[in-house]
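Protein chains in written order, with numbering that gives the first Met the number 0: chain R, 0 to 247; chain H, 0 to 235.
If you're looking for bench data, these hints aren't it; they were derived computationally from the structure. The reader is advised that the hints may include incorrect statements.
Taking lysine to any residue and the SDA-like style, the derived pairs with C-alpha atoms no more than 20 angstroms apart in a straight line are [to be verified]:
1. H:K177 x H:A120
2. H:K111 x H:A186
3. H:K96 x H:F151
4. H:K96 x R:R245
5. H:K96 x H:D45
6. H:K96 x H:T164
7. H:K96 x R:S246
8. H:K96 x H:T217
9. H:K96 x R:V52
Incomplete in silico selection of chain H near chain R, CB under 7 angstroms [claimed, not checked]:
10. A7
11. N8
12. K38
13. V58
14. V60
15. V88
16. L172
17. G202
18. C204
This one's a predicted model, so the numbers in the text were calculated from it and none came from an experiment. Ideal Cβ placement from N, Cα and C applies to all residues, glycine included.
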Amino acid sequence: MNTLKKTLTLTYIVLLLGMLFGSTPAQAQTFAYVANRNSNTVSVIATASNTVVATVPVGTSPNDVAITPDGAFAYVANNNSQFLSVIATASNTVVATVTGGISFPHALAITPDGAFAYVANQLASSVSVIATASNTLVATVPVGTFPFGVAFTPDGAFAYVVNHLSDSVSVIATTSNTVVATVAGTFRPQAVAITPDGAFAYVTTGAASGVVAVIATASNTVVATVAVGFDPRSLAFTPDGRLCLRSQ
Amino acid sequence: MGAFAYVANNGPGGLSNVSVIATASNTVVATVAVSSGAKGVAITPDGAFAYVTIFPNDVSVIATSSNTVVATVTVGANPIRVAITPIPVIEVALDIKPESCPNPLNLRSRGKLPVAILGTADFDVSEIDSATVRLVGVAALRSKFDDVATPFEPFVGREDCLDCTAEGEDGFLDLTLKFDRQAVVSAIEDELAAAGEAPLADGECAVLILEGELFDGTAIVGEDVVRIQIRGDDDD
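Whenever a hint applies, use it, and build me the whole structure from the sequences.
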């Protein structure tokens, strides 16, 4: 408690000094959480200064990180452990481990409302649905072999899971936690990301001849392919930045 | 305009790079060379930087404006995937032309466009840094506090021209703003042209987005629907 009081007092003084010296309004800080697979740690980079501000020990072979929409927690998939590590971003310490249903987790994503983490279990060929409020297992969804990546549509209605050894993508309806479609035609998919407007899922596929497959979420079919570099692993989108949209 | 996808290509050897795909055309518009083994990528919430994990122990920071590596950060061994914390965003009730529903926007009218960000029991508009507020990217000419309107729900996700209310004051203070109407019209036209879309026709409806910040750095976003009018040059 004393430490907390001191911290609060210090924060208040810093804020007061900031006001006295006419500093600009506080900028919302962002931090990058990096899974260091061979160090069994997560590095935390302050993006404003590009310096590592913390190194957090986690489980064995951390492979993926997902952050809750409120920014409070980072969930880490430890690929050679049977658990997730949950890092509180305020303290950059592990505050919980999640074991329910978790088996060699390769990837994970958190629903846009922050309520659930969907965890791709590499060897179990399943997705574990974890309630973030209790960090307990609420559902297990069988998918293809070696699920390697998970992403949600912006409305949270569907999770797209890439199955590395099945050459397919499983589409899970999050209301029922059942697979409602399986998209074929993606060779050795690695990761998936969904466009900010929710219209397309982009999947990194192939090895030597790298291709990004574009799946229309309305039809769940591959509608385009884009040749990229060798062995594409991950991908991410810039915000679409639309400020004016024609409505129907 | 539209989103760009940043793809981390692992390599082998000297063949590791990052492909930048324009999602509007699904073409690779840039290739950024990195030293080796790019495996993960995440983009800052403002879209300005891509963070790419690089074998054996680095993160390269790419400025998305120039698609060049602007910084390199040493991390742990064999970094794989990366995630970036979000900036907290509060959805606010926006009312273009308070006490009017629908909200006509005559593309030929000059003068001022009145807009209000509406206070509620949970949201005090005096926390808004009005200098940061932009409607379709346009700054306000002036602002003041006044109780002028009642929120329509939902605050975001509005689609129809009649997703609005003409109800007036509700007992909560609002931030009223005046925008240069022609500046907003130009911004709308530029936005649609950049997206490769046809200009808005008479009678069409469009959702306009407002962005800004609170004094503590929290982002705010609001939207409202306008009905396009193209006639004369009188005030609408």
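Hints and how they fare:
1. The suggested pairing of K177 of chain H with A120 of chain H is violated, with an alpha-carbon distance near 24 angstroms, which exceeds 20 angstroms.
2. For a cut-off of 20 angstroms, the pair hint linking K111 of chain H to A186 of chain H stands: about 15 angstroms separates their Cα positions.
3. Proposed proximity of K96 of chain H and F151 of chain H is supported: the alpha carbons are some 13 angstroms apart, at most 20 angstroms.
4. Restraint check for K96 of chain H and R245 of chain R: the C-alpha separation of about 19 angstroms stays at or below 20 angstroms, so the hint holds.
5. With a CA separation close to 29 angstroms, the supplied pair K96 of chain H and D45 of chain H exceeds the 20 angstroms bound.
6. A hinted pair counts as satisfied when its Cα atoms are at most 20 angstroms apart, and K96 of chain H with T164 of chain H qualifies at roughly 10 angstroms.
7. With a C-alpha separation of about 18 angstroms, the suggested pair K96 of chain H and S246 of chain R falls inside the 20 angstroms cut-off, and the hint holds.
8. The hinted pair formed by K96 of chain H and T217 of chain H fails the criterion: a straight-line CA distance of about 25 angstroms is larger than 20 angstroms.
9. Between K96 of chain H and V52 of chain R the CA atoms are separated by roughly 47 angstroms; this puts the pair beyond 20 angstroms, and the hint is violated.
10. Interface hint status for A7 of chain H: upheld, as the beta-carbon distance to the closest one in chain R is roughly 5 angstroms, under 7 angstroms.
11. About 3 angstroms separates the beta-carbon of N8 of chain H from the nearest beta-carbon of chain R, less than 7 angstroms, and the hint is met.
12. A least Cβ separation of about 5 angstroms between K38 of chain H and chain R falls short of the 7 angstroms threshold, and the interface hint therefore holds.
13. Because the closest C-beta pair between V58 of chain H and chain R is about 6 angstroms apart, less than 7 angstroms, the hint holds.
14. With 7 angstroms as the threshold, the beta carbon of V60 of chain H comes within range of chain R, its nearest partner Cβ sitting at about 6 angstroms, so the hint holds.
15. Checking V88 of chain H against chain R: minimum C-beta separation of about 9 angstroms lies over 7 angstroms; hint violated.
16. Nearest Cβ of chain R to the Cβ of L172 of chain H: about 20 angstroms, over the 7 angstroms cut. The hint is violated.
17. Residue-level restraint check for G202 of chain H is violated (minimum Cβ-Cβ distance to chain R is 12 angstroms; threshold 7 angstroms).
18. Hint on C204 of chain H holds. Least Cβ distance to chain R is approximately 5 angstroms, under the 7 angstroms limit.
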